[in-house]
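> This is what each chain is made of:
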Amino acid sequence: MFTRLRSFVMACLRRDRFEAGMDDELQFHIDAYAGDLMRSGIPRAEAVRRARLQLGAVETIKEECRQTRGLRLLDEVRQDLRYTVRMMAKTPVFTAAAILSLALGIGANTAILSLMDAVLFRTLPIENPGQLYFLAHSPGPNISTSSNYPLFERYRTAPVFSGVTAYQGRTFRVRTTDGLERMAGQFVSGNYHKVLGARMLLGWGFSSDPDRRPGASLSAVISHDYWNTRYGRDPDVIGKTLTIGNRTVSIVGVTAAGFHGLSPGGRVDITLPMAVLALDTPEFLDARDGWVGLVIVGRLAPGVREEQALTVVDLLLQQFLDEPESRWVRAATRDGHRSAALVPAARGTWALRTQYAKPLWLAMAMVGIVLLMACANIANLLLARARARAREIAVRLSIGAGRRRLVRQLLTESLVLALCGGAAGIMVAIWGTDAILSLFAVGPSPLLIDTSLNVRVLAFTAAVVVLTGIGFGVVPAFRSTRLDLAPALKDGAVTLDGTRGPTLGRALVVAQIALCVLIVTAAGLLARSLGNLQSFNAGFDRENILLADVDAAATTLSPGGRVGLYSDLLERLRALPGVRSASLSTRSPIDFSSQVRRIDVPGVPVVPGQGVSTNMVTPEYFETFGIHLIQGRGFAAQDRQNTPRVALVSESMARFYFGSSDPIGRTFQLGGGQQKTTIVGVVEDVRHERLRLDVPPKMIYTLLAQRTAALDGTAGVPNQLTVTLRTNMDPGALASTLRNEVRAVSKDVMVPYLRTMNEQIDAALVPEQLLAMLSTGFAVVALLLACIGLYGVMAYNVTRRTREIGIRMALGALPRTVLYRVLRETFAVSTMGVALGSLIALAVTRALSTFLFGLTPHDPATLLGTGRLLLLVSLVAGFLPARHAATVDPVRVLRNE
Amino acid sequence: MPDTADLLPGTLDMLILKAVSLKPLHGYGVLQRIQQISNGALRIPQGSLYPALYRLEHQGLLATKWGESDNRRRAKYYTLTAAGRRRLRQDKDAWHRLVTAIAAALATTPDEV
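Read top to bottom, the protein sequences are chains W and G. If you use my numbering, the first sequence corresponds to residues 1 to 897, in order. If you use my numbering, the second sequence corresponds to residues 1 to 113, in order.
Please note: incorrect hints may appear among the correct ones.
Not everything, but these chain G residues come out facing chain W in the computed CB check (under 10 Å) [stated by the list, open to error]:
#, residue
1, P9
2, Y50
3, E57
Derived contacts from chain W toward chain G, CB cut-off under 10 Å, selection only [what the hints assert, rightly or not]:
#, residue
4, M22
5, D36
6, M38
7, G41
8, K62
9, Q67
Calculated lysine to aspartate or glutamate pairs in the DMTMM-like style (CA-CA distance at most 20 Å, straight line) [said to hold, decoys possible]:
#, chain 1, residue 1, chain 2, residue 2
10, W, K747, W, D568
11, G, K65, W, D23
12, W, K62, W, D75
13, G, K18, G, D91
14, W, K62, W, E76
15, W, K358, W, D117
16, W, K747, W, E19
17, W, K62, W, D117
18, W, K676, W, D639
19, W, K62, G, D13
20, G, K76, W, E63
21, G, K76, W, D24
22, G, K76, W, D31
23, W, K747, W, D549
24, G, K23, G, D91
25, G, K65, W, E76
26, G, K76, W, D23
27, W, K240, W, E283
28, W, K240, W, D289
29, W, K747, W, E571
30, G, K76, W, D36
31, G, K92, G, D13
32, G, K76, W, E19
33, G, K76, G, D13
34, G, K76, W, D75
35, W, K676, W, D662
36, G, K65, G, D111
37, G, K65, W, D178
38, G, K65, W, D24
39, G, K76, W, D16
None of these hints come from the bench; they were simulated from the model. The structure presented is a predicted model; accordingly, all values stated were derived computationally and were not measured. A virtual CB, placed ideally from N, CA and C, is assigned to each residue, including glycine.
Can you build the whole structure from these sequences, using the hints too?
In structure tokens, the structure reads:
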């Protein structure tokens, strides 16, 4: 086998030497033979003649010799390619149309696949990711990775793991020469990088540092990205120091490019050991009265199976929960039972996957259909062209070309088309993924998604190219080489298999229109849902609102000083021209946050699993957001720190806890605390977490001026608050003014996230926007493809029937009649397609229901609109051929006969 | 030449291998050698000689080297490779078995049936 391959390769690479050798050898044969003949007395000329005669046709021998090396195939392929290129150059419009359709189809597929690869399939850049598991726990189906440090210490003793580590995501405030900046990072246990097997670019990661070690030296590991942007790829970065909060840490390592911890989509720029956390909050290491967002991961020891490990982990968890110190976490579980769960960590945490799996698969289904339409289009164009080339093919067949050879030639043509389409498609994909990624670049911490092309994606594209090339090429290739030679040779009036040719083309167009209806319907439903979400009344005004998160954690102010700072800031902002009202709050509508806090209402039994959501605000909050008071009074200036605690509640809260009785004057305690708060008013419901939520949260608004330790766990004013401005001008225009005002109040206050309310809502609607944008794009492409398909078939039909039309007109048919006739035919085809597509749409749009908002999957307006649009588009596509038919000159047609 | 016989299909390869096994030969030499060792009884179709040589070389049974012929001209010489030698032995055995079997079959008299 090897020798044959070598001999083939040598013959290919040294083609000229191979040919020359063959010539020499045969010439030598003739000369030697002739020499022998001359020695037996035959004259020279005669000897040479006889020698040649005996040898036979030299070219045939050479061809047979080449064939032994497999060179003939190569020659033929080269011939086919040359012919293909010539054909493509001769029909530039066809070629461009085909390559464009394919580029759009293949490009869309590649773009979606590279997104799917980045979000759904890719494993983390760590050692043996398959061995790594999250040690999670769950009440019922809700698996949570949030644990605490004492539980981690139990798990790390389990021998079923070769290593167990833990991390907690954090935002660090880094002091640099340019001021403060907030960086995404994490606190990790001292063995983090070793257990994960994370590759380091410089220095080393944390491998065996104890977490409990007072007075330890403080170290940090930074990401490749941070090293790149902050340190300009300084090779001597190891040993440099970073000031984070009020601690100075020295850099000991830089992780390799692409490593950002275990949460896909998130960033990890700075990693600090848990020992640093323990310096400021030593109680963290012993706190077991809650789940504190510490994620535990373990690497299975060699030879240990998942079930074995799970048994051990569950045993440890139950022991832990049974101890009296775990009372609180046990009480927080609805039915009191919590079981351990091992979740594969090879692809990291699942939040992003859960959010995007369905939208991405849906998009994939749509691009699949678009590609099918593109294939149908090209198959149709190829069929039409095959009819035009019937005569050429008939000639080639009748002079002895093998059918296989011809099919190969035609398939080569379609594969070359597919290849060009694929190459252009990759360009489309690169451009497309960029456009899609710009959708993700919103919100307080934009998702980090790496969609750079990789081998997996390119292999997929290559497979798609080959499959489409064969897919749209094979039927036309076989059909066009199976024609009846005699009539084909007679003249241009060729029919393939009688009348079936046009029928097949028409069937393809009907299928195309049906698929197009499906895509356009889906796009219509998704786009209208997005519109509904964007205009949905969520209980507050969304126009002319500017929001800014303000972070005062780096200031050295006392809680009282912070209050002064905030009221200072509010005063300054209210004085700005263009600002109608300004307020502060701990949360804002549609800010992704959700809360379930315990509430005790005297006279109302505690409902397990039910709780309230809270927001600490200044009195102007409701005016700023346009939230109406329904009952009672709003907050007033006389409500202060030293007056009785008061609260406003939302309608839902009042309805849930007080039913039809009057909530005003009723009291409650929050979070199991003793402080009694009195309800003084009821306000409208506001959607807080997400727009889609059917039930608005049960909100309780308390006053920042009456802050208590019980409300946010820490005494005093929260570090981070949201400033909201209601403007009477474009809110975006005030952004830089706001920043300047904050800077004027204190240099140590940061504004990590500044946005308008509409931007905040858009950030919450990324999956919906993604789907709406993609499906609309696909719908446009689908319409274009259907147009081209319909136009192609009708134009071909008209050309084929020019003679018939000419005769009709000669016999007195009016151009208008002819025009209507062709249009009617177009209309018949498209009506069939629309009817078929609507039926399919009715059957399958239910799959979209989770993405819809404010309309049903069978929304009649969308379906009717789609049908009308397609009929209109098809008439436009059919008009050109129809007009062409109407302007046929009967005299010229009949003279041509 | 009434005494000559056409080659049986498939036997040309074997004869070429045999011819080359005695000493390295060029293409024309192979032709001569086969005629010589068969005492001129076998007629080789010259047109199929070269494709056969190329095929055997492609299969790794023959090796080639450019050398000088008796009359001082450049010629391509074929030699037998180890694989070629093995193949020749197998072919020879198979051929002998076939000939014996056919000869036995042809020698059968009516009594023996």
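> Per the CB criterion, is Q67/W less than 10 Å away from chain G?
Holds, about 8 Å.
> Holds or violated: K76/G with D23/W, Cα cutoff 20 Å?
It holds: about 11 Å lies between the C-alpha atoms, which stays within 20 Å.
> Would you settle whether the hint for E57/G is holds or violated, based on the nearest Cβ-Cβ distance to chain W being less than 10 Å?
holds, 7 Å
> Taking 20 Å as the top limit, are the C-alpha atoms of K76/G and D16/W close enough?
holds, 16 Å
> Can the restraint linking K747/W and D549/W be considered satisfied, given a maximum Cα separation of 20 Å?
holds, 15 Å
> Is K18/G within 20 Å of D91/G, Cα to Cα?
Holds. K18/G to D91/G sits at ~10 Å (cutoff 20 Å).
> Within 20 Å, alpha carbon to alpha carbon, are K240/W and D289/W?
violated, 38 Å
> Would you check the hint for K76/G and E63/W, treating anything up to 20 Å between C-alpha atoms as holding?
OK: K76/G and E63/W at ~19 Å, within 20 Å.
> Run the distance test for K62/W versus D13/G: straight-line Cα separation, threshold 20 Å.
Distance ~18 Å between K62/W and D13/G Cα, so the pair holds.
> Between the alpha carbons of K676/W and D639/W, is the straight-line distance 20 Å or under?
holds, 15 Å
> Checking hints one by one. Is P9/G an interface residue toward chain W, by the C-beta closer than 10 Å rule?
Since the shortest Cβ distance to chain W is 16 Å, the answer is violated.
> Given the hint that K676/W pairs with D662/W, test it: the Cα-Cα distance must not exceed 20 Å.
holds, 18 Å
The earlier numbered hints that this structure contradicts are 1, 6, 7, 16, 17, 25, 27, 28, 34, 36, 37.
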